[in-house]
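Protein chains in written order, with my numbering: chain A, 14 to 249; chain B, 14 to 249; chain C, 14 to 249; chain D, 4 to 274; chain E, 4 to 274; chain F, 4 to 274.
It cannot be assumed that every hint is accurate.
Straight-line Cα separation of at most 30 Å, DSBU-like style, residue types lysine-lysine; simulated pairs [said to hold, decoys possible]: (1) K109/B x K256/D; (2) K40/E x K24/E; (3) K256/E x K216/A; (4) K250/D x K93/C; (5) K90/B x K256/D; (6) K90/B x K178/E; (7) K135/D x K180/E; (8) K90/A x K256/F; (9) K40/D x K224/B; (10) K250/D x K106/B; (11) K90/C x K256/D; (12) K126/D x K93/B; (13) K80/F x K126/F; (14) K135/F x K80/F; (15) K93/B x K90/C; (16) K33/A x K93/A; (17) K109/B x K68/B; (18) K93/C x K224/C; (19) K40/D x K256/D; (20) K80/E x K93/B; (21) K24/F x K178/D; (22) K40/E x K90/B; (23) K33/A x K40/F; (24) K178/D x K178/F; (25) K135/F x K93/A; (26) K90/A x K250/F; (27) K24/E x K90/A; (28) K93/A x K93/C; (29) K106/A x K180/E; (30) K43/D x K93/C; (31) K90/A x K68/A; (32) K80/E x K178/E; (33) K40/F x K93/C; (34) K180/F x K90/A; (35) K40/F x K224/C; (36) K180/D x K80/D; (37) K250/D x K43/D; (38) K43/E x K126/E; (39) K93/A x K126/E.
Since the hints were derived computationally from the structure, they do not count as laboratory data.
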Amino acid sequence: MSSGFVRVDGRLPDQLRPIKMAVGVLDKADGSAYVEQGNTKVLVAVYGPRELHPKHQASLDSAIVRCRYHMAPFSTKERKTPAPSRREVELSKVIKDAVSQAIFLENFPRTSIDIFIEVLEADGGTRCASINACSLALANAGIPLRDLISSVAVGKYRGCIILDLNDEEDEAAEADMPIAMMPSLNMITLLQVNGVLTEEEFKRAFNLAVKGCMEINMIQRETLRSVYASIKGEED
Amino acid sequence: MSSGFVRVDGRLPDQLRPIKMAVGVLDKADGSAYVEQGNTKVLVAVYGPRELHPKHQASLDSAIVRCRYHMAPFSTKERKTPAPSRREVELSKVIKDAVSQAIFLENFPRTSIDIFIEVLEADGGTRCASINACSLALANAGIPLRDLISSVAVGKYRGCIILDLNDEEDEAAEADMPIAMMPSLNMITLLQVNGVLTEEEFKRAFNLAVKGCMEINMIQRETLRSVYASIKGEED
Amino acid sequence: MSSGFVRVDGRLPDQLRPIKMAVGVLDKADGSAYVEQGNTKVLVAVYGPRELHPKHQASLDSAIVRCRYHMAPFSTKERKTPAPSRREVELSKVIKDAVSQAIFLENFPRTSIDIFIEVLEADGGTRCASINACSLALANAGIPLRDLISSVAVGKYRGCIILDLNDEEDEAAEADMPIAMMPSLNMITLLQVNGVLTEEEFKRAFNLAVKGCMEINMIQRETLRSVYASIKGEED
Amino acid sequence: MKTFRVVSQLVRARMVDLLSKNSRIDGRGLLDYREIKVEKGFIGRAAGSAQVSIGSTKVLAGVKVELGEPFPDVPDKGILTVNAELVPLASPAFEPGPPDENAVELARIVDRALRETETVDLKMLCIEPGRKVFVVFVDIYVLDYDGNFIDASSLASIIALSTARIRRFRVEDGKLKYEDGYMPLPIRHIPVTVTLAKPNDGPFIVDPNLEEELSLGNRISISIDELGRICGIQKLEGTLSVDEIFKAISIAKDVAPKLIDIVRRESGLNV
Amino acid sequence: MKTFRVVSQLVRARMVDLLSKNSRIDGRGLLDYREIKVEKGFIGRAAGSAQVSIGSTKVLAGVKVELGEPFPDVPDKGILTVNAELVPLASPAFEPGPPDENAVELARIVDRALRETETVDLKMLCIEPGRKVFVVFVDIYVLDYDGNFIDASSLASIIALSTARIRRFRVEDGKLKYEDGYMPLPIRHIPVTVTLAKPNDGPFIVDPNLEEELSLGNRISISIDELGRICGIQKLEGTLSVDEIFKAISIAKDVAPKLIDIVRRESGLNV
Amino acid sequence: MKTFRVVSQLVRARMVDLLSKNSRIDGRGLLDYREIKVEKGFIGRAAGSAQVSIGSTKVLAGVKVELGEPFPDVPDKGILTVNAELVPLASPAFEPGPPDENAVELARIVDRALRETETVDLKMLCIEPGRKVFVVFVDIYVLDYDGNFIDASSLASIIALSTARIRRFRVEDGKLKYEDGYMPLPIRHIPVTVTLAKPNDGPFIVDPNLEEELSLGNRISISIDELGRICGIQKLEGTLSVDEIFKAISIAKDVAPKLIDIVRRESGLNV
């Protein structure tokens, strides 16, 4: 697959961008995480499970998840006005749909779990980085999860299937396909295709995305493990 | 009155446009109706009487009526933006005022009756067609009514009093006057004058409008009768 | 201080504009007042203490104060659109903060005291005139106060410290500084500086503002006294 | 609008009973307005302004005139725009926020009477067709609400318009030239609005106060100009029979000249 | 969206049980659509329009074409814009107001399939680069909601587009010249959308009705064009395994040609 | 803003008692800031950015510079605009939505100190008078709120501005010409803001943390520039006597140079 094709930033087709992850980065939130993938930077806070106002929105037999994906005005090439765009409304929904699958919602009836995502810098793959950060922030909040959710985009760029597109690649790509999955359960929780692919291309792209998610999952686990270890260390 | 004056569409001054009416056209609504008058097309759904949220808006001794008159973006000559205009806000109110008069509101305390009107195509007389459709949709929802409400506009066009103006006539008219009435009770529930009329012209116009309402009322009754008959037929 | 410097409208540096005050000018409000300072004209209505909707906003151990400062579209040089500007949002807050200090809020748990300010004409000093009117309107509503709140702006204009700026002076001023105080208690409840001042200039300006507040306080007291006297007169 | 304090059944019964004897709860005759007071021109920043009190109902209308672009479909005319706000000072039932259906209806009733009579000669306010015209803003502020804000708003608006003064100008080759001094707006007519109410069984009254509005159930606003022409009708709450509507118009035509005289007196307008 | 009436546990259990026997609660085969009806062109003021019913789900799409300015980053192309409204007529769960997340998602799914395939040849709709282009508005109205508004909206939109007629024009030196008669929009492809659902343990079905949507938990929409290319996927609720996703695509490719045939039949489109 | 968790009476009593002994609940001296950390330039898409932590309060400010039209009344100056968002990540008391009164007040406090000192020389940012200027957007993001977001925001804003780099340009006959490389914005002053709080009976402290803000009742923000000039004051909650205000200013003047030194150190600014 890595057939000698070199990308705008020098990466191989199946190579992720450099990743930084941290949890517990905010003081007031119940859980928080910061994720960098290349120049893309997202910060996520989780509040809850907590009592829901107004109460008639609550569900008697499970928690409800509320999610806001929002871009900082300085995160984009042209300044973004703070009012939510249609794109932000859609991404808030698909991220909520993707992330909710991992939460034991039935454990927390009548409550809300509120996920706030701020994209601090946008250089492609913001929804995937957001999902990766949500997963960490939920774990950081002590909310029991079926599995960590790991997410990455793949795309078709000048005929080649590539992993983890940056903004320049994304804008020139023939197709862009973000996915999210629970790797241990092998279940897909987000899948979108924007663009045109043959069935064969889709399969190749999809398999590359799964591979990318596995790599990201390792980094997520390592991030949580190191925190856990340091806490244990402190306790000792 | 029909003094040889021929209109842009060939009608006589006191002649209605072709009318189509149907009830029960929507599956999910409690009641619904579709009305065409000339090229004007409106669709109405009624939900209720149903529990009202938030509860503090409810009335202890009667139902409250809520009404939204809304135009589809493709219904007008220039595309209409979906946000409600001041005109739509006013028409929602006057239609609500006109239609509420026929409902035994005191029979349904603490509930709301919600009327949703979509103008699918606007070629003059949309508020009148809406009221005609509301009346049918309320009947279709099984809500007991004092009387059917029938509505039509008259206007003064190049000095002549004419019935049921289309958009071209409306824009050129010296005055436009929609009325709605409960024909059996002989009570007027909507009356607006936009334009300038002498008292004598007003009386002539008003009498023509009443005549128009009577004709429309016949068609409304026929529409409901045929449905009722067909239901009876099915039952047999 | 009044060193021969003559102002655009002929006033001396430490001279207030002509003031008119009246209370009980509205029939439906629980308390109301009208204040003119020069061409600046404000009208204030107070409703409350009254039950608060929605109830979860209420405070169990005190009244909450809500305040809206709003400018009429015709009050300004260029027509102002009716939607609240950021300036109006900020002034609503600082006026609320200034005025609340005088009210025995703990006397009225679970209620709201609603203050509505309309600037009918804006020629400088609208927030100060608003606070002066709020104070009178609260008294007129029979709400017990720690003290009347009196307010005036001072500024630095062409190097000179002047009292009670009109709009022309305000726009050309190097600094503008509205203050509000409870004169009997000698407590400051509003202080803003817009502009650049040395510490020495600040002190001179501040002292002039205090003197101005005292003068305004006399007029406020006289206004209330004359009403009270006339009421007593009527009772006799 | 929140619901108003309900008028007690007793008051309502007494009101209807009095009406059957041609008498009203506040002692007025059936076709009498409450005292009408006008204060004009007191908003210096407005081109024109008028505060009209009808009893304790109080409305302030202000007129501003600014430059703008004409609508594409009438490139050679200035623009008239009417906006109304039911500011929360005026009533415990009014809430802050964008105009609700009542405020929108009020603005559109006032607007229609002005627009349909061509009261403001908008052709005179065109500077460069398709590009630059004067825009006349009429802003209505309901300050104290004790019933019948429609007639008060209509009256305040026409007085503010007819007493407005703008800088004298002429147009030369599509260019605006200001001259010394001030001139009135080109006002051609005097439309006023008369609001009537009645109980289901009983006579019409004009100028209902708040208690009457809340009790009588049937209401209609009729706009009449100085030529006696009908230039706007809006049936408000309730229902009326055909004969009742003819009756209402006849009353409105009788009553309107008193309001028109007030406008003439305040403005010196000679139409 | 407010919560829907909950589907009873019994109905849900029966549904899943039937599915395990390759049968559905309304008697359909697993991969059958409900009856699809198309009524086209009945909105005279629209350039194109189509009402599509799938069972009792009913969607009306209207196309308007107006002049506008191009986006600065694509100065030589016309604009396509898709808007969807879940009007409150359609369901007790829809409320008046600006589009919620479901309406926005719907519009973006339809938009993406049209945009990514370059179904409308936007280069043909440029008049003067950087200054003047045609803007094609597709407005989707969900009128009756009994499940699967995505496929119905997608179908109504492509039929409305491919049957739209605009005034015949040519461009001369960046100027728009209208000619006699009407011409179609430049439509190059036929993307359609197939929505599938499945219970956690059980087979895929296509075209879930409302009860199935509320019960089955896992749903995915796949857009396919007349060349068999995937031109859009949106996983909706729930989760799917890798194999399930490949299976879903394979089903969608099998089913799509039936929808594409409907478009060809209604529009006479020859692509 | 929703109400915060109430600080218990015990904590409050202990806090006031400690203050009477010139000591604070977290061990700081009365006039000490919590630890201040600055991270600058980490938002590559912004012309300038700075994240400032004061204790666990964290604010990120970003600067973008774009082309726009000047305001009609100052045709020969660029535009500076400050916007603040209290994003819901930062506190259970912050809610999504347009800026509330606290966010608006914050933005206006920061804006005033920058504007009144003419910190950014806007004349240098004019390209073609009346037509084209640079617009400098300062966007403040409060990310973690443990009290005193005003000082943190003010500091983050001036550091983001003074470390911002824009493409080198010159203006020739009203035309913008870009040259190689980057240049700083024209920054002339260093205004910073010092917030003080005090209980009714007790001394002033600077930099109140969240518990102190909620407990002490009286608060004031004072902006001071590198020349020691007062360039903004906003009394926040509570009341202060005349003497207390003079005292507050005197403290602010003593404390401000430490903040100004941080700006100088981070930016290399030589004013």
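Verification of the hints:
no., hint, result
1, K109/B x K256/D, "28 Å, holds"
2, K40/E x K24/E, "29 Å, holds"
3, K256/E x K216/A, "14 Å, holds"
4, K250/D x K93/C, "42 Å, violated"
5, K90/B x K256/D, "38 Å, violated"
6, K90/B x K178/E, "23 Å, holds"
7, K135/D x K180/E, "28 Å, holds"
8, K90/A x K256/F, "39 Å, violated"
9, K40/D x K224/B, "44 Å, violated"
10, K250/D x K106/B, "25 Å, holds"
11, K90/C x K256/D, "39 Å, violated"
12, K126/D x K93/B, "28 Å, holds"
13, K80/F x K126/F, "5 Å, holds"
14, K135/F x K80/F, "9 Å, holds"
15, K93/B x K90/C, "33 Å, violated"
16, K33/A x K93/A, "25 Å, holds"
17, K109/B x K68/B, "20 Å, holds"
18, K93/C x K224/C, "33 Å, violated"
19, K40/D x K256/D, "21 Å, holds"
20, K80/E x K93/B, "23 Å, holds"
21, K24/F x K178/D, "75 Å, violated"
22, K40/E x K90/B, "27 Å, holds"
23, K33/A x K40/F, "20 Å, holds"
24, K178/D x K178/F, "29 Å, holds"
25, K135/F x K93/A, "20 Å, holds"
26, K90/A x K250/F, "46 Å, violated"
27, K24/E x K90/A, "54 Å, violated"
28, K93/A x K93/C, "26 Å, holds"
29, K106/A x K180/E, "45 Å, violated"
30, K43/D x K93/C, "21 Å, holds"
31, K90/A x K68/A, "40 Å, violated"
32, K80/E x K178/E, "15 Å, holds"
33, K40/F x K93/C, "43 Å, violated"
34, K180/F x K90/A, "20 Å, holds"
35, K40/F x K224/C, "44 Å, violated"
36, K180/D x K80/D, "18 Å, holds"
37, K250/D x K43/D, "34 Å, violated"
38, K43/E x K126/E, "26 Å, holds"
39, K93/A x K126/E, "28 Å, holds"
In summary, the numbered hints that this structure violates are 4, 5, 8, 9, 11, 15, 18, 21, 26, 27, 29, 31, 33, 35, 37.
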